[in-house]
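Undergrad: Each residue of the sequence shown is one higher than the one before, counting from 76 in our numbering.
Read the hints as simulated data drawn from the structure, not as lab findings. The model shown is predicted, which means the values in this text are computed figures rather than measured ones. There's no promise every hint is true.
As the list claims (entries may be wrong) - Listed below are the simulated SDA-like cross-link pairs for lysine to any residue, each with C-alpha atoms no more than 20 Å apart in a straight line:
#: 1; residue 1: Lys188; residue 2: Leu218
#: 2; residue 1: Lys188; residue 2: Glu200
#: 3; residue 1: Lys158; residue 2: Ser199
#: 4; residue 1: Lys188; residue 2: Asn157
#: 5; residue 1: Lys251; residue 2: His276
#: 6; residue 1: Lys251; residue 2: Gln222
#: 7; residue 1: Lys188; residue 2: Gly206
#: 8; residue 1: Lys251; residue 2: Arg235
#: 9; residue 1: Lys158; residue 2: Gln217
#: 10; residue 1: Lys158; residue 2: Ser143
#: 11; residue 1: Lys251; residue 2: Leu378
#: 12; residue 1: Lys158; residue 2: Phe182
#: 13; residue 1: Lys251; residue 2: Ala283
#: 14; residue 1: Lys251; residue 2: Glu200
#: 15; residue 1: Lys188; residue 2: Thr234
#: 16; residue 1: Lys251; residue 2: Glu297
#: 17; residue 1: Lys251; residue 2: Leu218
#: 18; residue 1: Lys158; residue 2: Arg131
#: 19; residue 1: Lys251; residue 2: Asp160
#: 20; residue 1: Lys158; residue 2: Gly135
#: 21; residue 1: Lys251; residue 2: Leu381
#: 22; residue 1: Lys188; residue 2: Ser219
#: 23; residue 1: Lys251; residue 2: Ser219
#: 24; residue 1: Lys158; residue 2: Gly206
#: 25; residue 1: Lys158; residue 2: His173
#: 26; residue 1: Lys251; residue 2: Thr234
#: 27; residue 1: Lys251; residue 2: Gln278
#: 28; residue 1: Lys251; residue 2: Gly379
#: 29; residue 1: Lys158; residue 2: Leu138
#: 30; residue 1: Lys251; residue 2: Gly221
#: 31; residue 1: Lys251; residue 2: Arg261
#: 32; residue 1: Lys158; residue 2: Ser192
#: 33; residue 1: Lys251; residue 2: Arg185
#: 34; residue 1: Lys158; residue 2: Glu200
#: 35; residue 1: Lys188; residue 2: Ser199
#: 36; residue 1: Lys158; residue 2: Ile146
#: 37; residue 1: Lys158; residue 2: Pro172
#: 38; residue 1: Lys188; residue 2: Arg235
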Amino acid sequence: MSDTTQQTPGATVEFVDVIKDFAGQRALSGVNLSVAPGEFVALLGPSGCGKTTALRALSGLELVDGGSILIDGVDVVNVPVNKRDMGMVFQSYSLFPHLTTIENVEFGLRMRKVAASERRRRASETLELVGLSHLEGRYAHQLSGGQQQRVALARALVTRPRVLLLDEPLSALDAKVRVQLRDEIRHIQTDLGITTLFVTHDQEEALAVADRVAVMRDGNIEQIGTPEELYMSPANAFVADFVGLSNHVDAEHVGGTVTVLGTRLPLLGERQPDGPVTALIRPEDVEFAVEGIPATVVASSFLGSLRRTQVRVADGLILSIQHEVGAHPAPGDPVHITLRGRPVSASPRV
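Sequences are here, hints too, so could you generate the full structure?
TA: Structure representation (structure tokens):
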């Protein structure tokens, strides 16, 4: 193992009642979050939810208006950016156009007055880690988007940080490269044991790479848990709707049970008053049946390892069904559907 990959253990990170305001608007509303050493945590949510503000507050690029941010138990709210021992990668690659790939990676070490020979050795090792050792003499304009983001990642890693911050690092890349680099980042992070916080609005991305995901809305963390916990046991309808696809169906809630299309289902998450609700039903929790609710196929899409078919029931409601590719219903086909009976999330009907 190279010297570059001989990392010290990742640091613990903790937000304690962190508050941040912008021009009277609250961006972070008393955020509490604990990240274990070497853990990969994704901050997931819509634009304006506070996820990037939280990351910038951790890095020191934003000063907080209340609360504490602890690194290994030490409050760093008044510690300058360059003293926080963090590596940062952003959506924009921010490479210096007049420097070669290896010179870009060396830059942070040069600022730390590391000797030239040591800079070059560590930069070469880190470029090998991200698979770019053969491109160390090229300039940014000679690299693809994915290669440029790998250089940015190498530049963040070469200083051997104990915390790595990733702010939408993949959003500017095309779909195939995004998946490849996503998997590479996770592999490198696991090998090096760096505590990592990853900001994204893409739920598939968050679920694929993170040990735990914190879903944010309006400056608050709505729920934090493993990808499986968020998908299977969302705390509320917002989390259920944001994490994965759902059918929105009018239903009635009475005493913790939701009646949907004549089927009674247990209610997940927060307690709610009895009355009309909108239930959120996963496409995989609707299935074709020999008998059941009559429906008509509207469309069917091939998605590689599965199909997603839309059907219309008697009252005009259109439901999505996720199923194996073997079933291939055609538009206009009469079918019957049933609900699997799994618990559902719901919100009061507006």
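Undergrad: For each hint, tell me whether it holds in the structure or not.
TA: Verification of the supplied hints:
1. Lys188 to Leu218: Outside the cut-off at roughly 28 Å; violated.
2. Lys188 to Glu200: Judged against 20 Å, a Cα distance of about 19 Å means the pair holds.
3. Lys158 to Ser199: The given pair, whose Cα atoms are some 24 Å apart, is violated under the 20 Å limit.
4. Lys188 to Asn157: holds (13 Å)
5. Lys251 to His276: Measuring from Cα to Cα gives roughly 18 Å; hence the hint holds.
6. Lys251 to Gln222: holds (13 Å)
7. Lys188 to Gly206: This hinted pair is violated, its Cα atoms lying about 26 Å apart.
8. Lys251 to Arg235: violated (29 Å)
9. Lys158 to Gln217: Violated, at about 33 Å.
10. Lys158 to Ser143: holds (17 Å)
11. Lys251 to Leu378: holds (15 Å)
12. Lys158 to Phe182: holds (16 Å)
13. Lys251 to Ala283: It holds: about 14 Å lies between the C-alpha atoms, which stays within 20 Å.
14. Lys251 to Glu200: Roughly 26 Å separates the two Cα atoms, so the pair is violated.
15. Lys188 to Thr234: Within the cut-off at roughly 12 Å; holds.
16. Lys251 to Glu297: Answer violated: Lys251 to Glu297 is near 31 Å, above 20 Å.
17. Lys251 to Leu218: holds (17 Å)
18. Lys158 to Arg131: Judged against 20 Å, a Cα distance of about 14 Å means the pair holds.
19. Lys251 to Asp160: Measuring from Cα to Cα gives roughly 32 Å; hence the hint is violated.
20. Lys158 to Gly135: Holds - the C-alpha atoms of Gly135 and Lys158 are around 9 Å apart, at most 20 Å.
21. Lys251 to Leu381: holds (19 Å)
22. Lys188 to Ser219: violated (30 Å)
23. Lys251 to Ser219: Distance ~13 Å between Lys251 and Ser219 Cα, so the pair holds.
24. Lys158 to Gly206: Violated, at roughly 29 Å.
25. Lys158 to His173: violated (27 Å)
26. Lys251 to Thr234: violated (29 Å)
27. Lys251 to Gln278: Holds, at roughly 16 Å.
28. Lys251 to Gly379: holds (14 Å)
29. Lys158 to Leu138: Holds, at roughly 15 Å.
30. Lys251 to Gly221: holds (10 Å)
31. Lys251 to Arg261: holds (16 Å)
32. Lys158 to Ser192: violated (24 Å)
33. Lys251 to Arg185: violated (34 Å)
34. Lys158 to Glu200: violated (24 Å)
35. Lys188 to Ser199: holds (17 Å)
36. Lys158 to Ile146: holds (12 Å)
37. Lys158 to Pro172: The given pair, whose Cα atoms are some 26 Å apart, is violated under the 20 Å limit.
38. Lys188 to Arg235: holds (15 Å)
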